[in-house]
Each structure stands twice: as structure tokens, then as C-alpha cells.
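Using the hints provided, position chain R relative to the given structure of chain F.
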Amino acid sequence: MSEPKRQHIVAAITQLLQTIRQNWITILVLLFVGSGSDSMFGPLLIIGFAVLGLIGGFVSWWRFTYQVVEGELRINQGIFVRKNLYLSQDRIQVIDISAGIVQRMFGLVSIEVKTAGSTSKEAKIDAISRDEAERLKQSLRSNDSATGEEEVAELTPQKVYHLSYKELLITASTSGNLGIALSIVVGVFSQVDQIIDEERMIAFFESVMPASVGFSLVLSTILFILIISWLLSFFGTLIKYYDFTLTVNDEELHIKRGLFEQKQLTVPFNRIQAIQIKEDLLRQPLGYASVILESAGYGGEQQELNSTTLYPLLKRGEVGNFIQEVVPQYHISVQAKRPPKIAIRRYLLRMVWVSLLIIVPAWLFIPYGIYSLFLIIPALVLGYGQYNDAKIGFSSDDAETLLLQSRLLSRRTAIVKKYRVQSASTQQNPFQRRLNLVTYSLTVTSGSGGQTFTIRELTETMGAQFLEWLSEAGTDNVQSEDIFSLSSDATE
Amino acid sequence: MVPSYLFFLWSYNANVSFWILIAALLGAIFLTILLVIITPQIRWRQWKYKVDEHEIDLHYGIWFSRSTLVPVKRVQHVDTRQGPILRQYKLADVVISTAATTHKIPALTEATADRVRSEISTFARKAKEDV
Numbered sequence: 001m002s003e004p005k006r007q008h009i010v011a012a013i014t015q016l017l018q019t020i021r022q023n024w025i026t027i028l029v030l031l032f033v034g035s036g037s038d039s040m041f042g043p044l045l046i047i048g049f050a051v052l053g054l055i056g057g058f059v060s061w062w063r064f065t066y067q068v069v070e071g072e073l074r075i076n077q078g079i080f081v082r083k084n085l086y087l088s089q090d091r092i093q094v095i096d097i098s099a100g101i102v103q104r105m106f107g108l109v110s111i112e113v114k115t116a117g118s119t120s121k122e123a124k125i126d127a128i129s130r131d132e133a134e135r136l137k138q139s140l141r142s143n144d145s146a147t148g149e150e151e152v153a154e155l156t157p158q159k160v161y162h163l164s165y166k167e168l169l170i171t172a173s174t175s176g177n178l179g180i181a182l183s184i185v186v187g188v189f190s191q192v193d194q195i196i197d198e199e200r201m202i203a204f205f206e207s208v209m210p211a212s213v214g215f216s217l218v219l220s221t222i223l224f225i226l227i228i229s230w231l232l233s234f235f236g237t238l239i240k241y242y243d244f245t246l247t248v249n250d251e252e253l254h255i256k257r258g259l260f261e262q263k264q265l266t267v268p269f270n271r272i273q274a275i276q277i278k279e280d281l282l283r284q285p286l287g288y289a290s291v292i293l294e295s296a297g298y299g300g301e302q303q304e305l306n307s308t309t310l311y312p313l314l315k316r317g318e319v320g321n322f323i324q325e326v327v328p329q330y331h332i333s334v335q336a337k338r339p340p341k342i343a344i345r346r347y348l349l350r351m352v353w354v355s356l357l358i359i360v361p362a363w364l365f366i367p368y369g370i371y372s373l374f375l376i377i378p379a380l381v382l383g384y385g386q387y388n389d390a391k392i393g394f395s396s397d398d399a400e401t402l403l404l405q406s407r408l409l410s411r412r413t414a415i416v417k418k419y420r421v422q423s424a425s426t427q428q429n430p431f432q433r434r435l436n437l438v439t440y441s442l443t444v445t446s447g448s449g450g451q452t453f454t455i456r457e458l459t460e461t462m463g464a465q466f467l468e469w470l471s472e473a474g475t476d477n478v479q480s481e482d483i484f485s486l487s488s489d490a491t492e
Numbered sequence: 001m002v003p004s005y006l007f008f009l010w011s012y013n014a015n016v017s018f019w020i021l022i023a024a025l026l027g028a029i030f031l032t033i034l035l036v037i038i039t040p041q042i043r044w045r046q047w048k049y050k051v052d053e054h055e056i057d058l059h060y061g062i063w064f065s066r067s068t069l070v071p072v073k074r075v076q077h078v079d080t081r082q083g084p085i086l087r088q089y090k091l092a093d094v095v096i097s098t099a100a101t102t103h104k105i106p107a108l109t110e111a112t113a114d115r116v117r118s119e120i121s122t123f124a125r126k127a128k129e130d131v
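One line per chain: the protein sequences are F and R, in this order.
The letter at position 177 of the first sequence is residue 177 when you use our numbering, and the numbering goes up by one with no holes.
The letter at position 109 of the second sequence is residue 109 when you use our numbering, and the numbering goes up by one with no holes.
Below are the SDA-like pairs computed for lysine to any residue, each with C-alpha atoms no more than 20 angstroms apart in a straight line: (1) F/417 to R/76; (2) R/73 to F/419; (3) F/166 to F/285; (4) F/418 to R/101; (5) R/48 to F/471; (6) R/128 to F/471; (7) R/128 to F/270; (8) F/418 to R/53; (9) F/418 to R/123; (10) R/50 to F/427; (11) F/417 to R/73; (12) F/418 to R/52; (13) R/73 to F/449; (14) R/73 to F/420; (15) R/48 to F/430; (16) R/104 to F/427; (17) R/104 to F/449; (18) R/73 to F/272; (19) R/126 to F/419; (20) F/417 to R/54; (21) R/50 to F/468; (22) R/48 to F/468; (23) R/73 to F/399; (24) F/417 to R/128; (25) R/73 to F/471.
Heads up, incomplete: computed chain F residues facing chain R, CB under 7 angstroms, no partners named: (26) 422; (27) 424; (28) 445; (29) 471.
Just so you know, the hints here were simulated from the structure itself, not pulled from any lab data.
Using N, Cα and C, we set each Cβ at its ideal position, and we do this for glycine too.
Chain F extracted, bound-state conformation:
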């Protein structure tokens, strides 16, 4: 692999598509401007751009070469500005193989090499054959020593987990992306009245509902929006997790997923920063959870910028086993502690304020908005749930592993190794000061940034204790009895 190689010629096309995607606003503007003045101008412009783009794509394909020299990936690219990227294999965090629609048409894949803190997509080879990608991965991954063993391990993966169709359907229908989808739909709806003018809309509504714009209309609008968002998130998740396969071998985790765009992701064990168990609001009553992985240098899609799903759906009871089998060092039993009872009122009050943020505008601006007052009830229930789910504790085997559980909407349980923690802090506002409570938070590296886990309303002593946990000097005098006897008022 010492010869510099070029990508498959299809890279010219993907390059073109990427240019279009990056500049679509400019293109749109140009098109509108063009079509306004002269009828011939617009089409000519399009053809001109297409030709230019194709030539550009071709030249960039020509300029792009890659090779592996002495365990170093070297990429040379650039039309006007030439870039030489040398990437040492020790620094590689994740090798990500995926296939977009264009790649699939030609039976190709793209391969992306990520290092800690890399945000650019520079180390991305857009179009090469699958065999070539595998070979590249092999030569980049293992160090000089154990290439042979590596291959064996590759051939006989220890465990394979595959998401069945039934599980996929459950995952999709209970997807936690509902909120995101909802905001998109509401956003679209709020644009509708700009497209259709208001008078015509009122006329339409009056013809459809002759009686009055009544309670049922408001209710059905809300229902309609909810259903549309649910469908969006259903299909989004279906496409994303289709054919989800997790393969575990001695050194790394291998995740494959996706319907139209198949994604492959390899995470070496020693790059795992933390494990998170997430129970979505919709999944929890059904007894399902998902497991999420924080790893340095892997930036996933936008929704989950810094973390990636290790497995999308597990029965609550199976999570322990799963973690034991896949990432055994994160399997711990914990005698967790909880915030003191006095914290309940702060949890409840906070949810009241939050719900008022919705209720007051709804009351003022939406017909029948006053009924949104009933939101206070679920808000209070959620507040109590947040209190009830807030837990923190050390693994009973060693004081090196910490478990933090909290809930915003979904219940999240994070398992963090001490040597992965970048910083920890406690924070106290005047209201908390009155009750001697603090908010504790802790940050690990994730992607090119950090992931912070927070627990609210711990007692001051607990906060100090868990802060102290991090300090090297503190390790010796942290005894587990000490911690668990620390605040007897906190444990029920």
C-alpha cells in the first residue's frame, strides 16, 4: 500500500453533489435572479454551473491521492490550495465506513478516519471499493506486532447483536426524536400562513367548518401535528437503525446500520469515554432502554452530535447482561445515593416554572389555551420523577467508577470511569444555599467537545465528597463506608 492511489472516478460525482449541497442557497438565488431577467439566461446558467462543477469534481478527483506509509495515512488533495494530510495511526480514534446512495449505485463505500478533536472532514476518502476500504482499515488499525492475530479476531468476532425487525419497529415507534420532529412540524406550520395568504385560509376554514372555529379544531390541529411528527420520527428512526448490527471482538466494537445510507463505525475499547443508558419517556413504560456510547473523536449526526448509539433497544432487565458482555468494565453494581427529601420541593417548583413558560403564552395567544393549565399536573409528576430518579454512587467493587442517574424527560444513567473525567464542579444558587443543596456536574470528552452529566440538589457534603473523589490526593481517604454513611438523611 505504499503507492499513492486515487479514488474511484465516482468521487468526481460525489464531489459535485457535495458542492451543490453546500451552495444550494447561492444556486437558488442565482436561479431566481437569472430567470427574472431573461428566459434564456436561467437554463444557460444551470448548464454552465453543471459543467464547471463536473470539471471541478474531476480535477479534485485527479488531485486526490492517498497512501499508507509506515503506519501513516497520507492524503494529498486540493485544486488551488494543495493540502497534504499526514495522519499517524496511533492517533486514529475511529474508522468509519459508510455508503451513500451514489456510492451504493456503484457498489462503493466512503471511509472516514477520525482523530480526537477533529472536526473537519479532511480525512475522508469519498469513493473506493469495499475491499479496498477493508484493506485500508486493516493496514491502519493494527500496529506492527499482531497483524495475524488481528485478522483471526476479525474473522471470528466474539459476539454479534442484531436488531430484529420487531425490535426495529418498536424502536421506531417509540423513538425519542418526537420532540425534534415536533419542532420541525411546528416550524413548517408557522411558515404556512406566509405561503397561503390569511384571507384565503380563513375562507377555507369557514367553508370546512361552518359552525365556528371551535375547541375541536384546536384539539384536532394539535392531534394532527402530533401524528405528523410521530410519523416523521418513526420513519427517520426506521431508516437510521435499519439492519443495526453490533459486532464485538477482542479490541473493538463494530456498528453497522442504515437503510439508504449504510454506516459502519468502529470504536476501539480504549477510546470509550463513558456509557449511558437512556430510557425514553415512551420506552420506559414498555420496559425498554437504549445504550449510548461516548467516544472521543466521533461526531455522529446532528441529533446526537457527540455520542453514538451502542444498541438502540434492550429490555430493561437485559441491559446489565448486555453491558457485562459488551463492555464488561462498565458493568457495576452500585449502592446509589439520592438527593435528600428536602430537595423534592426544588424539583417540583422548577417544573412548575417550566410548565408556566408554556402555559402563559398558550393562555394568552391560543384559543382555549387556558386548558393548558392542566399541563401542570404532568409537570409535577415529571418533577417528582426527576427527584426520584436522581441517583449517584460508586461501584461497590472500586471507587474508580461512578454512576450518575438523572432525568430531564428521558432517564439517563451514565457510567463514568474516574480516569476519563476531565473536570467536575458543584454549583449553588441562593435558593439552594438556603437548603444546603448543590448541583453536581462532571464532564468527559465526547466527540470534539465534552459531555456533561449533571445531578441537581445533592447535599453540600455529598457534592464535596464527589468533587473530592476526583482529586488524586483524595483517593486514599475515600472509603466506601465513609461515603455511604455520609448522609443518612439522604437515603430513604
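Chain R alone, transformed into the frame defined by chain F:
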């Protein structure tokens, strides 16, 4: 801001009572004193930092009082930074970066800032050798 706006209003429209104007003026003066003279002092007094061979301890904040602990081992680099105003007063910020977070100790004297920076980097190097 507020008084000048009110004065503007008053000069065009006599409906705003003189006393409201006075009250607003007093309020503005009070706020100015509070925000410009008193709170910075409290904030400054609240700011504490401690650096030793194991960790960096930061305590700060008036309304939200915060304690942050950064293990020295995790420190990736330390900067001192100085804008034009700080330079005028021969002060500098110390900025500590880990792989995930950055922390700032604001406005130390130049000499102290340099000392803190080199201390942290020495400790960090030592801590990493130990591992």
C-alpha cells in the same frame, strides 16, 4: 440609558411626571453603583483558586457559586491571555484547557499569571510522567 430615554420623553411630552423621572434617575444611579462598583468587588473577593500537584481548584460566583475541580493530569495546555484593557493594567487571564473543557482564572497580575501557568504545566508534566 433609562434616564436619558425618560428625559427624551419628558422633553417632548409633559405627561410624564417629574417625580417618576427623579425616581427613575435614582434607580439608575443605584443600579450603576451596584453593577459597576459593588458587584465586581464581591465577585473579585469570591474568586479563589488553588493549584497543587494533583488538582486545580476554582471557586467563584456571587449568585451561582461554583466550585470546579480539574485533575492536573487531564490538563492539555495552559495559556495566559491579555487583551488591551488587561495589558493597560498589567494583568492577564490564565486559561486552562482539558480535552473537553476550558477554565479561566481572570485578571491576575502578569507575574502571578506567568507563575501559575508554569506551575500548572510543571505539575501536569510531572503527573503525566507518574502514570
